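> The lines below spell out each chain.
2 protein chains.
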Amino acid sequence: MKELEKITPLEVDFPKWYTDVVKQGNLIAYGPAKGTLIFKPNSYGIWELIQENLNKIFKEKDVENVYLPLLIPESLFNLERDHLEGFNPELATVTHVGDKELSEKYFIRPTSEVLFADLFKNSIESYNDLPIIYNQWANVVRWEKTTNPFLRSREFLWQEGHTCHSDPIEARRFTRGMITTYSKFLKNFLAIPTIIGKKTPYEKFAGACSTYTIEAMMKDGRALQAGTSHYLAQNFSKPYSILFKNKKNEDEYVYQTSWGVSTRLLGAIIMTHGDNRGVIIPPRVAPVQIDLIELFAAKSPKVKEVSDELFELLRRKWRVRVDKSDKQPGFKAANSEIQGVPLRIEIGPRDLENNQVTLVRRDTLEKIVMNYKEVKEKVQTILDEIHENLFNKAKERLDSKTVWVSNYEEFKKEIEKNNFVIAPFCCLDEAEMKIKEETGATSRCIPKTIDKPDESMDCIFDTCKSKTNRYVVFAKAY
Amino acid sequence: MKELEKITPLEVDFPKWYTDVVKQGNLIAYGPAKGTLIFKPNSYGIWELIQENLNKIFKEKDVENVYLPLLIPESLFNLERDHLEGFNPELATVTHVGDKELSEKYFIRPTSEVLFADLFKNSIESYNDLPIIYNQWANVVRWEKTTNPFLRSREFLWQEGHTCHSDPIEARRFTRGMITTYSKFLKNFLAIPTIIGKKTPYEKFAGACSTYTIEAMMKDGRALQAGTSHYLAQNFSKPYSILFKNKKNEDEYVYQTSWGVSTRLLGAIIMTHGDNRGVIIPPRVAPVQIDLIELFAAKSPKVKEVSDELFELLRRKWRVRVDKSDKQPGFKAANSEIQGVPLRIEIGPRDLENNQVTLVRRDTLEKIVMNYKEVKEKVQTILDEIHENLFNKAKERLDSKTVWVSNYEEFKKEIEKNNFVIAPFCCLDEAEMKIKEETGATSRCIPKTIDKPDESMDCIFDTCKSKTNRYVVFAKAY
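Order-wise, the sequence lines are chains A and B. With the first letter of the first sequence counted as 1, position 196 gets the number 196 in UniProt numbering; the numbers rise by one all the way through. With the first letter of the second sequence counted as 1, position 71 gets the number 71 in UniProt numbering; the numbers rise by one all the way through.
By construction, these hints were calculated from the structure, which means they are not laboratory data. Mixed in with the good hints, there may be bad ones.
Which copy is meant is left open, so a pair is good if it fits within one copy or across any two.
Quick list of in silico lysine to aspartate or glutamate cross-link-like pairs, DMTMM-like style, CA-CA up to 20 Å [said to hold, decoys possible]:
#	residue 1	residue 2
1	K59	E48
2	K317	E52
3	K61	D323
4	K393	E5
All figures in this text were calculated on a predicted structure; none of them were measured in a lab.
Kindly generate the complete structure, drawing on both the sequences and the hints.
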């Protein structure tokens, strides 16, 4: 096992802090192909718990899991123009097998709308078959120019849901319902608060009619798009001929949605909760929830005894690990902290003279000394408190760093401070591009929870003469 | 919902029966790229249960799940010659992104030995870091010329385990242990008996020192390789420089294993248990274990009432589905059967006059009438009986269709009858190729459970003059 290296403080250099903690937290290694990532046990374990818990939530919503092919024939991809243009520059293309050139090129899926479209086309007959609610867990490839672990890599893992409906109202309701589901999931499992809203036309998904998003704030104040849900209307069903017989026995194109979250969420967890000692993983998705750390076990048989007893007791309900290595106590504690294990229990001879052990919370570093017989009763409450505390701290930051502005000067000043900035905005592509160019900020969403003003306001963008009745959140973003 | 079509009887045309049932059992659709497959909910659900249960077993063996990249740079792949030569003709190759040609080609992983090798090289320092026991669930691509749903497709899903050890004996023990684990898993979860053995040099994995296999017999008598475990020795650690400091503080190359099962298992399930009514899914991996079928619910409110009560009662412990459609009872029963649901419960007004419902076993089609209040108590026993019965029937077939021969004439005759044939064999590549050419049979394994004879025998192959002390199982295979 390698020695722990120093972590760059996050106040000094946030990007460097991030790459330090992902490497040292047993989270990633770099793959041999540029911009690709290896998910080590501590990060893949989080993803597995995200999968497990989202699958339970999906099941309640009658989602059925399927798996579609990795490769998309070029001819199939080309039918929806916006979609093609949006993805074309990032498409990894298979042209050969062995030394033989293929007669048709294949794209590695950057997303699977067109594959699902092809499946739906061949499996739907009438309104009786609808809705169809499918989801797949898969890897996708997008050849990004600049990459960043979890946040932007050439391959990532995600779930992509795809539905067909006979009724546009039902489809729209489903789209909005899923973004709410995602927001709750982030709150309840990842301890991450988000702003729910709709993307501006410029930022919406290539091929969608409207895109809903949840936006989270990282510790440096930047935004991270953490999940999206798209109302596709008939944008795919028309070019891909996905028809159904409606109740009047007429042919009609289906109404579709798609929605997804990805391994970006791992980046969101790290940048929301981590500190200068390393990652902090929220308890409900922590691959290891409790580290048992034996101190001076060689000298004290009782340490080993109590450690074994606690392990057997706790493992039935929680994910527990024992560090039995002969490393120094200080190293063991630091190792547990850098890997973000929410709770560690230190079992040492001195505490045990009074039948006590010391619990150390990863979030507050608070030490709780208690009789080891009480641990089992108290653990869940402490883990829940850690979750709540992580969420509350993130929420306070989000609230305190979200500001309202009414003119472009203020806007630029607040963006410069890495705040989320709410401003009246015209939502025109050109204004959006200019703002991005001038400030580095992008529109994150038209927030759902803010009431539209009654009167129309001046657009925040200086040279824009439009009136608008929309508030839009802007931020620098990952 | 499409009407059910007729299934070709398996006695008439086994391959046609197979494609009929996979299509009609809600198992697959064909992907738009030739030779690719869509896993529909009924097959992907089996795979998810295989994953869930294997993960539990792996955890007991300290396996840690990770995820490595899809794309392998050409230069990395080329370091191990046998491995390269074995896979080269099947490698899907990415040469372009968008319209731009890449400076280096990438292969889509056909397996991940070289990626793991690269990871291990960079993460191991000393014997203290060993063993490393990693596994990944992933998709792989091998450009097969002829394809068959689940059995041989250009993309499939699998798990691939990769380990590093400081000690060759430990590594060999791990290799053999894993093949036993697989064999037990197939018995206990898929109700499939297998023969455990070692591959001949001709049939072993490209790059392995030795390959262990489990071989299953399909209903047509053909063999299906259902899982493999490879002892890689230092075949990868040398070209990929995976070194560790041993206890003498000397540099030494690690000893490796790799092992996997894939979505071929779905084909094995179908071809082992299916019948002329469709698929039969063993209860422990059935996405739906119990179908509740309401008969004439429109006319009888009690049907609905009892159905709801049973659903609420049973869903807590089993995977239950209710067919609430207004289709005819006969259609509902046939639909449940074709999808292989192990048990269905028919709830009809006549039975309910005596508070009874009818349970129908998918394997035997036996009807069991009982008071509906008793169902909850009886269900698990019936599901376990179905599992046992499926296994026993498959075991009887395997035993009765495995024959011993001592000369080449007998050998050819028994192979012609689609039997598993055990014969003394020299294990030379050339003899093996000739036998394949002349009979269509391949060596499946050198079975573990058969004692080696004391005296050396004549090789079964006519023109071979070798003596051998090995018995080998031959069969036509998928």
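> Run every hint past the structure and note whether it holds.
Hint check:
no. : hint          : result
1   : K59 with E48  : both (16 Å within a copy, 13 Å between copies)
2   : K317 with E52 : both (16 Å within a copy, 18 Å between copies)
3   : K61 with D323 : between (40 Å within a copy, 17 Å between copies)
4   : K393 with E5  : neither (27 Å within a copy, 59 Å between copies)
Taken one by one, the earlier hints fail for this structure only at number 4.
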